[in-house]
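Use these hints to put chain B onto chain A, whose structure you have.
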Amino acid sequence: MSITPGILRRPRAAAAAFAVAALLASAACGGSSDTPDATGGPTADTLLSTAIQAPPSSFALTQLDGGQGSYVWGSLYDRLLYIDNTGAIKPNAAESFTYSADRKTLTLKLQQGMKFRSGAPVNAAAVKASLDRIRDTPGPNQANEASIASVEAPDESTVVIKLKHPDGSLLVNLAGINGVIGDPATMADPGSATDPMTSGPYELDKARTVPGSAYTLVRRDDYWNVKAYPFKTVRIVVMPDRAAVVNALRSGQLNAASVDPTQVDPLKAQGLQVKPIAASTAGIMFLADRKGTKLKPLGDLKVRQAINQVFDRTKLVQMFLRGSGMATTQVFNPKSQAFDASLDKDYPFDVAAAKKLMAEAGYADGFSVTMPSFVTTKPFEPVVTGALGAIGIKVTWEPVPLQNYSSALSSGKFPMFFAFYGLDHEAVLSTLYFSPGTPTNPFKSADPELTKLLDEANAATDDATAAAAYKKVNQFVVKNAWFAPILDIGTTWVTAKGISYLGDGTSVALDVRTFGNAG
Amino acid sequence: MLFYVARRLVSGLVLAVMVTLITFLLLAPSFNGIVGNRLGSAATPETVAQMKAQMGLDRPLATQYVDWLSHAVRGDLGRSYFTGIPVRDAVEQHLGVTLSIVLVTLMLTVVVSVALGVLAASKGGLVDRAVQALSLTGHLIPNLLIAIVLVYLLAVKSRLVPATGFTSLADDPAKWAQSIFIPVIALLIASVAGLTAQVRGTMIDELRKDYVRMLRTRGVPTRSVVLRHALRNAAGPALTVLSFEFVAMLGGALIIEKVFAIPGFGSYAFDASLQGDIPIIMGITVFAVLLVVVVNLTVDLVNGWLNPKARIF
Numbered sequence: 001m002s003i004t005p006g007i008l009r010r011p012r013a014a015a016a017a018f019a020v021a022a023l024l025a026s027a028a029c030g031g032s033s034d035t036p037d038a039t040g041g042p043t044a045d046t047l048l049s050t051a052i053q054a055p056p057s058s059f060a061l062t063q064l065d066g067g068q069g070s071y072v073w074g075s076l077y078d079r080l081l082y083i084d085n086t087g088a089i090k091p092n093a094a095e096s097f098t099y100s101a102d103r104k105t106l107t108l109k110l111q112q113g114m115k116f117r118s119g120a121p122v123n124a125a126a127v128k129a130s131l132d133r134i135r136d137t138p139g140p141n142q143a144n145e146a147s148i149a150s151v152e153a154p155d156e157s158t159v160v161i162k163l164k165h166p167d168g169s170l171l172v173n174l175a176g177i178n179g180v181i182g183d184p185a186t187m188a189d190p191g192s193a194t195d196p197m198t199s200g201p202y203e204l205d206k207a208r209t210v211p212g213s214a215y216t217l218v219r220r221d222d223y224w225n226v227k228a229y230p231f232k233t234v235r236i237v238v239m240p241d242r243a244a245v246v247n248a249l250r251s252g253q254l255n256a257a258s259v260d261p262t263q264v265d266p267l268k269a270q271g272l273q274v275k276p277i278a279a280s281t282a283g284i285m286f287l288a289d290r291k292g293t294k295l296k297p298l299g300d301l302k303v304r305q306a307i308n309q310v311f312d313r314t315k316l317v318q319m320f321l322r323g324s325g326m327a328t329t330q331v332f333n334p335k336s337q338a339f340d341a342s343l344d345k346d347y348p349f350d351v352a353a354a355k356k357l358m359a360e361a362g363y364a365d366g367f368s369v370t371m372p373s374f375v376t377t378k379p380f381e382p383v384v385t386g387a388l389g390a391i392g393i394k395v396t397w398e399p400v401p402l403q404n405y406s407s408a409l410s411s412g413k414f415p416m417f418f419a420f421y422g423l424d425h426e427a428v429l430s431t432l433y434f435s436p437g438t439p440t441n442p443f444k445s446a447d448p449e450l451t452k453l454l455d456e457a458n459a460a461t462d463d464a465t466a467a468a469a470y471k472k473v474n475q476f477v478v479k480n481a482w483f484a485p486i487l488d489i490g491t492t493w494v495t496a497k498g499i500s501y502l503g504d505g506t507s508v509a510l511d512v513r514t515f516g517n518a519g
Numbered sequence: 001m002l003f004y005v006a007r008r009l010v011s012g013l014v015l016a017v018m019v020t021l022i023t024f025l026l027l028a029p030s031f032n033g034i035v036g037n038r039l040g041s042a043a044t045p046e047t048v049a050q051m052k053a054q055m056g057l058d059r060p061l062a063t064q065y066v067d068w069l070s071h072a073v074r075g076d077l078g079r080s081y082f083t084g085i086p087v088r089d090a091v092e093q094h095l096g097v098t099l100s101i102v103l104v105t106l107m108l109t110v111v112v113s114v115a116l117g118v119l120a121a122s123k124g125g126l127v128d129r130a131v132q133a134l135s136l137t138g139h140l141i142p143n144l145l146i147a148i149v150l151v152y153l154l155a156v157k158s159r160l161v162p163a164t165g166f167t168s169l170a171d172d173p174a175k176w177a178q179s180i181f182i183p184v185i186a187l188l189i190a191s192v193a194g195l196t197a198q199v200r201g202t203m204i205d206e207l208r209k210d211y212v213r214m215l216r217t218r219g220v221p222t223r224s225v226v227l228r229h230a231l232r233n234a235a236g237p238a239l240t241v242l243s244f245e246f247v248a249m250l251g252g253a254l255i256i257e258k259v260f261a262i263p264g265f266g267s268y269a270f271d272a273s274l275q276g277d278i279p280i281i282m283g284i285t286v287f288a289v290l291l292v293v294v295v296n297l298t299v300d301l302v303n304g305w306l307n308p309k310a311r312i313f
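Line order of the protein sequences matches chains A and B. Just so you know, full-length UniProt numbering puts the end of the first sequence at 519, numbered straight through with nothing missing. Just so you know, full-length UniProt numbering puts the end of the second sequence at 313, numbered straight through with nothing missing.
Next up, chain A with everything else stripped away, as it sits in the complex:
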């Protein structure tokens, strides 16, 4: 006797079977997934649909972070200045900005008629309140305002920032997180972490937003500069998995995203446009203990130079990045004013020469070092171990959970470490890499010559002078082997027809304005 038909004759079993059939039928007959709801597909009014790997953190003014979440909060908040796609700093909510002759006073004139979503005016008092709150509240961006002595709002549309000393990174920061304008009436509310009162070009469509997963932004037609934002709706979906991004692009759920270079071919074959950016993130060996306080050999320039010569950078770019990146000995963006192409020839791959330098320094047998192993560095660790092993440096990798990243580096436990950092503006990178006591300079390395060069760059009254000064900073750190940069990792942007990626790698600002609708 057959059992299965019997089961299907039973009402409850039949109901279950029907549910299965309904599920399958629904899936089979549902047609295209082009819906902007939680599945994230574009429809006629969703003109830009892109993906980020990690969700934005809090939207509270003092807790904004500079990762890919910038696409979201940068669309909600208006900013004083703006970095365009060529890397130039341009007026934005501040229609003009002027420095005093001594570069210690910055005067900003605000646009007229700007409004928060509530209808309240965006004025100098709001800008002052925002700058003051970021400076006075512990958070990731507080240190960027360390140079600010005071902020004044002499009238409705004028903001005067007085500095303790010239700060070359101030304008870049005012074009980023430190330039966001919050609503003084609500910026301290706990609710601002998820629903801040903002005055930017877009507002959050809460009905079509799942915090942490997908964000739908709808353009504000009353925004003062609405013409700069061609997309009426922007959909930003969190997709940690790179294969998911490719599938979403191929199935039409996304119309713009960055992908791994190895995944480009099927996308090209499907008619999608591909735009490679040669360098956006640097993989750098930080030779942090430059005085040799914890690891004596690192205090010797010859040892640091030897380390720089053991990496076959060109081969590594091919091996790890399939050519989507570049070999370099420099920590600055190849498109920046600080970059000097001739410096890339300073440390050619030459193990024999490296061994000679080690012997001259008195370390012919090498030495041992413990470096932190993060989930992000794991793929590179065998290469680093092998390369350093060639000159007798024995590496022990100590696992460190990612949540302990900053504290592990700041602790001074690791005299050298491998890490990745975005190729930001040279002024920002100078602050990041050379400020004493930060995770990237835990041994508080300083040098009178470098300090003088940084002061020159900070006090430069024009771009050419600043560029010359930052180039000298770069030359100093390469010649003195403060780092052993290995490679710059590129980004490959893929866009559907009708969408274009406008960046060229000069600016690393993550902003919806890097996308156009003329592709």
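Rather than coming from a laboratory, the hints here were simulated on the basis of the structure.
Derived EDC-like pairs (lysine to aspartate or glutamate); straight-line CA-CA distance at most 16 Å:
| hint | chain 1 | residue 1 | chain 2 | residue 2 |
| --- | --- | --- | --- | --- |
| 1 | B | 258 | A | 241 |
| 2 | A | 355 | A | 300 |
| 3 | A | 291 | A | 447 |
| 4 | A | 206 | B | 171 |
| 5 | A | 472 | A | 455 |
| 6 | A | 355 | A | 312 |
| 7 | A | 444 | B | 46 |
| 8 | A | 471 | A | 449 |
| 9 | A | 206 | B | 89 |
| 10 | A | 302 | A | 350 |
| 11 | A | 227 | A | 84 |
| 12 | A | 315 | A | 350 |
Only chain B this time, still in chain A's reference frame:
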């Protein structure tokens, strides 16, 4: 029975307190790292100390835990350190997503596994060998591989279902079904493989027992012998396996959630752990423990209902 249920629920609450205390103590050594990561490149010993004080992480551990617990018992699990979202809302939302996939998977698992297991046990021979081969194949094929193939065929090539994302049942039932179709299939295969083998094995054991022979000699129809008597007795072990599958799927759905960009419980727990988002980790722990307690209790009650000899209340 009510007393038994109440006793189990109270012991579950005690268990939740113990597990959350252990979780909190395990997190404690990372406080500096968590704050440092929040500050990023601005992290110096001074700013870390300042922010720790602002977040209340500089207080004695006992004070911090009791403070958290006193709020938790009132339903206030705090807010995420990183996003500021209320923990309870966030965890419920992500748990709901995973449950809507896992429960459908389990329902289908029961239907398919019982059908296959009973068929194999009662028919034997070629049918049994075919079911065993299917079960083995289901065990051997990684569900991620199945997912990748299905995405290519059904999402990329045919565009019948979305390649990624999730639509909630409340928003749109049809789109919900579409969005969970591939994840459910991917989870279902291994789950069915496991339960089918279990049902087949216990059914074979039951069908060889004396009471089955007795029923057959008394002329009870085969269908009734198999479904009403043998299956009822075989259901106990299968239910236990099913409860294990459920608990495993809550965390095991992580890979599927990542691959399909589904905002589920597993990926949320994973991300919170990487970030060191203490309030979220604690909230997830509470929900996970309570869920396991409720599932185990339910299985015991259902077992008792199916088989009075197995009653422990």
